[in-house]
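So the sequence lines, in the order shown, correspond to chains B and H. With the working numbering applied, the first sequence corresponds to residues 222 to 599, in that order. With the working numbering applied, the second sequence corresponds to residues 6 to 304, in that order.
For the record, the hints were derived by calculation from the structure and aren't laboratory data. Hints are supplied without guarantee of correctness; some may be wrong.
[What the hints assert, rightly or not] Dumping the calculated BS3-like pairs for lysine-lysine here, alpha-carbon to alpha-carbon at most 25 Å:
#1 H:Lys175 - H:Lys191
#2 B:Lys357 - H:Lys175
#3 B:Lys357 - H:Lys100
[As the list claims (entries may be wrong)] Selected chain H positions facing chain B (in silico; Cβ < 7 Å):
#4 Ile40
#5 Ala81
#6 Phe101
#7 Thr105
#8 Leu107
#9 Ile108
#10 Thr109
#11 Gly112
#12 Tyr119
#13 Ala120
#14 Leu143
#15 Ile158
#16 Val159
#17 Asp277
#18 Val278
#19 Phe281
Glycine is no exception: its CB is placed at the ideal position from the N, C-alpha and C atoms.
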Amino acid sequence: MNTLLRILAWLGASIVAVTIVESILKSLKNYQIMGSDIITDYGLNIICLMGISISLAVSLQLINGYTGQFSLGHAGFMAVGGYVAAFITKSTLTGANPPDQSLLGTLPVYIFALCAGALAAAIAGLIVGIPSLRLKGDYLAIVTLGFGEIIRLVIENIEAVGGPRGYIGIPKFPKWTWLSAGGFEGTFSSLSWIFLFIIITIIVVHNIVESSFGRSLVAIRDNEIAAEAMGIDTSFYKVLAFTISAALAGFAGGLYAHLYGQLVPNTFNFVRSVEIIIMIVFGGMGSITGAVLGAIILTGLPEWLRIMAGLRSDSLPSWINKSLGYLPDLRMIIYSSLLILIMLVRPQGILGNYEFSLSKLLGKSSKNLPKTTEEKKA
Amino acid sequence: MELFLQQLINGIVQGSIYALIALGYTMVYGVLRLINFAHGDVFMLGAFIGFYTANLLGISQPSVGALILVMTVSMAGSAAVGLVIERFAYRPVRKFSRLTSLITAIGVSLLLEYAAQFVFGATPKSFPTIFETQNISLFGNVTISNDSILIIIVSIFLMVMLNLIVFKTKLGKAMRAVSFNLDVAKLMGINTDFIIAFTFALGSALAAAAGILYSVHFTKIDPLMGLLIGLKAFVAAVLGGIGNITGAVLGGLLLGIAEIMVSGYISSSYKDVFAFLILILVLIVKPAGLLGSAAQEKV
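Pulled out of the complex, with its shape left as it was, chain H reads as follows (with noise of 0.2 Å):
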């Protein structure tokens, strides 16, 4: 039973942080019915530039501020990464076909990973201590990190926050009519490319939060760091049934406590076997995923 509770901590430590980019996966096909492959690397790139950030400005001393002022310039960068990405890559080819779209969001993603191994180098390195991780026993063997506290808190907060955002705001608002109608939305005098690039930006900006907690909790960074994740936060999204937000929080919840029950009680060798697996399933059996709705195709 310990080792179940345990087990289930540490899953929805990873959930979150599956959640939170599978957020950008989710909002980026709700507008444009794109698979933007690229959303792992921008998570990869939030983790560099807190790297880079932690160590330019000689943070020594870990401290709460220091946590807020490292993941705001983190998220501000990659959201502007992400604009860019947008404007010069995806924009351009939205006229052709969706498969085109597919493969410019690969290029791009094959461009940051190695663009990233060329100036960052590719070995891992140590994420500065930006925040003291200390152990906390809950009851019996049972323990949780303030670290895993802190990613849960903040993905709760982030998370409300976009929901504000998406329901609450005209922006909001003119983000979902886009993704319910591009054509009519425009028609309503939307300004479609700025809700676009909007949505890129808040996602990005949400991946790179993923970022950084996933560097303070687990240490390790490396440029190729954003390609199984971002894969998995994709099945995640799938799970959920992309393009619902709700679903994509679930999704990356679920899929973080199967993942880790699987390499607790089964095989740790077979965790990356078992979300492909999932992600198989669902797109077979029910492709709308768990919370999303199929649509009918117009002929």
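Extracted from the complex, chain B is given alone in its bound form (with noise of 0.2 Å):
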């Protein structure tokens, strides 16, 4: 009972706060800065990737960074949740009888469909980590990358999705009422969506960390066989540390495929789970922070760079000039360049497992606990 009190209050508390970020990003929009919009769609729609990102990113630390399994196939577990989940409302929605087209009418089938991808994509998770975890290390991650490859081939396969060309209307997200007014659509509408999503997330593989479980998780990743000898079931705990990462994957695929309106399976290869891995490596091994901040850096990156090329200006030398505008180009160059050099200098990744947390910077919330028989005596 008290859990699930705790869970409504969370679940309150986030939908609050979403509602209080988009009112915000809402009065915004009707204002200029030096005649441009202060929020364009454009921006609206590099903020939900990022989201995207970050969701994958947390979940994909629950394995990576808490459980030390290394996993090379989140982009499969993706693409499972993102297809099952755009299937279900592209054949609901524009079938034979579609619902009612208010919000009270759709409103189920997505978050229907959402959940069918995340399930989906747990099944496919369990079905990958049972016979995976019983390899370590690099075996490991070459299996998980060969099921993620195999996923997006046998998606490319099933014509019904689109085949090898992609899955194209996929009904975007409905708008929300109390947005509905004054040119909130499109992308707006999503980030409603994914807002929520990344407190679910961040809450889930937070609660888990801090949980018996979470450090049944780290007493793994530190040292296995210590762990089962302290009687951990470790099997266990990975497959469902890899099943719940996977089924976050999967809904924040389903996301992604709404956001969007079409998936294309080649969007969901190796290279993708890979730019996933530089996140958490970017960001810290072990740490949601670090996560979050790994996601926002580098999806936002082709925009930083667009920005640093539009630093050219005839006061620069010419060489200068002509290297910022290549920058653009230069995405996956930058990238690959810095996973190395995060490797080579600082390997537990820019935060390591620091975690950003609000009680410790407001000061040590000691004041409730049971002072320490040190302290008593001093």
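Please dock the two separately framed chains into a single complex, following the hints provided.
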């Protein structure tokens, strides 16, 4: 009962937070700086993409960062979730007897589709996890890579979802009532879903890590044999972590599908999985804060590069101008150099396993805790 | 029957290329316990070095001499690339965990791919004709092109050379010692850094040879061509038993034949799925591969 109340309270708080953020964005929409809109559809799109990356990175952190199992197949789970959710919404909403087109009529369809996508991804995670987790280290990496590629190649061979050309015409998210006025549609309506889901992902992963289940995962990461000797059922916990992580990735895939309205199998290849890994490696293995930071910085990288390229001016030497002009094409080169550089200089990532915490920031909340014997003596 | 024989020949040709690349994977894994993800991209670089060498030299007449020249330059160039990668990316992270090395390898692989796309351009290039190809009919409708024969002959030659180096020379003995136990090899006075670098150079040269043979046979090259072939050659190495040189050749040939058979008799769109399925099955059922020996984990 207590747990249920807590979950409800968190969910309520999240919805309130999302509403506040969106209201701020909505009010900013009407203002302009120097003749250009502060909030553009393009900018919102990038924010949405960052949000999806955050949830992918945080969910992958559960396997790679906390359990210490190197998975290279996250894009595959994302694809499963995305395709299943998209198939359900498309066939229901544009099928023979579509439901009432109002928000109340369509909302359950979306929620059901996203959950079904997450469930399908979880099942895929279970199927991949049970055999693979007998393997360790680089062998596990290579098997998850193999599974990820198989998922993609199988999707390419399913004609019902468009095959290699891609699945198009997926319905986008409906408008939320409190935002529907004032020309908020398209990308903007996805934002609330994505915000809400980021919060859910972070809460889920954070609570897992702080629970005894999470402690077991960290024990497995630090020394699997010792963990087993302490009585931890390592295979069970590894598979469970894998499944939860896959489910979250599947949910994120569903959000991605409805954000763009189309899915192309080739975007879920192994390079995509590596991109998510770069995010957590960059931010710090074993840190939710690091995953969020890595996702924001690296998803925004093309935009940062475009801004840098915009710095070209006549007062600069021509070779600088020329190299600045090349920057936007260098995204993947910068990604990979960054990855190598971090491994050379700081293999644990920028934040290591540091975790941002509000209570730590606002002074130690040790006031309510009983004093230890040491403190009493002093 | 004719179809089957034709497929078998095609499979052996495809398999020989896989085998040459798989040798590099297996040797590096043997000495470092590292999956060198960048190996497939060294294969790609080998093809591109060959492309530019042939164009710069202005080779207009296809001849065996031209082929040998281009292949030698490309093998030397790729060996140098292998040495640079080893020295500046893998050696500094060797003291960290194996996963750090793996992530570095993935980074190097992506860097080579996208740097190649940036420098050479993403569109496929057609490889210059440095070897006149013609079809020779064996019997009935079964044909074999002379470049296929070339691929098989060169592969066998290089594999024999490699075997001689690894099993008959002092350097080879040191390589085997390093792969057996790096620390003990060090204690015996073997310069392990040099041996590891040498292994990289050797593997990269073989990959470059495979790159040239591939380009002569398939004529189209592009910066991402090493990605899938590299992964499949890795599958071949695992199939044969990673760390085992004979195993890499066997695995390469088996994978090549199996893949051509699947695309010939079932569907060509499933041949990649099939390669990955083999990988997963081998790793789950017999992780040591066909010829490898399972290592006991020490606590």
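Hint check: is the beta carbon of Ile158 of chain H less than 7 Å from a beta carbon of chain B?
Given a least distance of 32 Å, the restraint on Ile158 of chain H is violated.
Satisfaction of the Phe101 of chain H interface hint, Cβ to chain B closer than 7 Å:
holds, 5 Å
Is Lys175 of chain H close enough to Lys191 of chain H, meaning Cα to Cα at most 25 Å?
holds, 15 Å
If you take the shortest Cβ to Cβ gap from Ala81 of chain H to chain B, is it below 7 Å?
Interface hint status for Ala81 of chain H: violated (25 Å vs cutoff 7 Å).
Measuring from the C-beta of Val159 of chain H to each C-beta in chain B, is the shortest one below 7 Å?
Violated. Min distance 29 Å.
Given hint Phe281 of chain H near chain B, where the shortest CB pair must fall under 7 Å:
At about 4 Å, which falls below the 7 Å cut-off, the nearest Cβ of chain B leaves the hint on Phe281 of chain H intact, so it holds.
Per the CB criterion, is Ala120 of chain H less than 7 Å away from chain B?
holds, 6 Å
Should the hint that Ile108 of chain H touches chain B count as held when the rule is a Cβ pair under 7 Å?
holds, 6 Å
With 7 Å as the cut and Cβ atoms as the points, is Ile40 of chain H at the interface with chain B?
holds, 5 Å
Does Thr109 of chain H hold up as a contact with chain B if the rule is Cβ-Cβ below 7 Å?
This interface hint holds because 4 Å falls under the 7 Å limit.
Hey, does the Tyr119 of chain H contact hint survive, CB to chain B under 7 Å?
holds, 4 Å
Should the hint that Leu143 of chain H touches chain B count as held when the rule is a Cβ pair under 7 Å?
violated, 34 Å
Consistency with the previously given hints fails for numbers 2, 5, 14, 15 and 16, ordered from lowest to highest.
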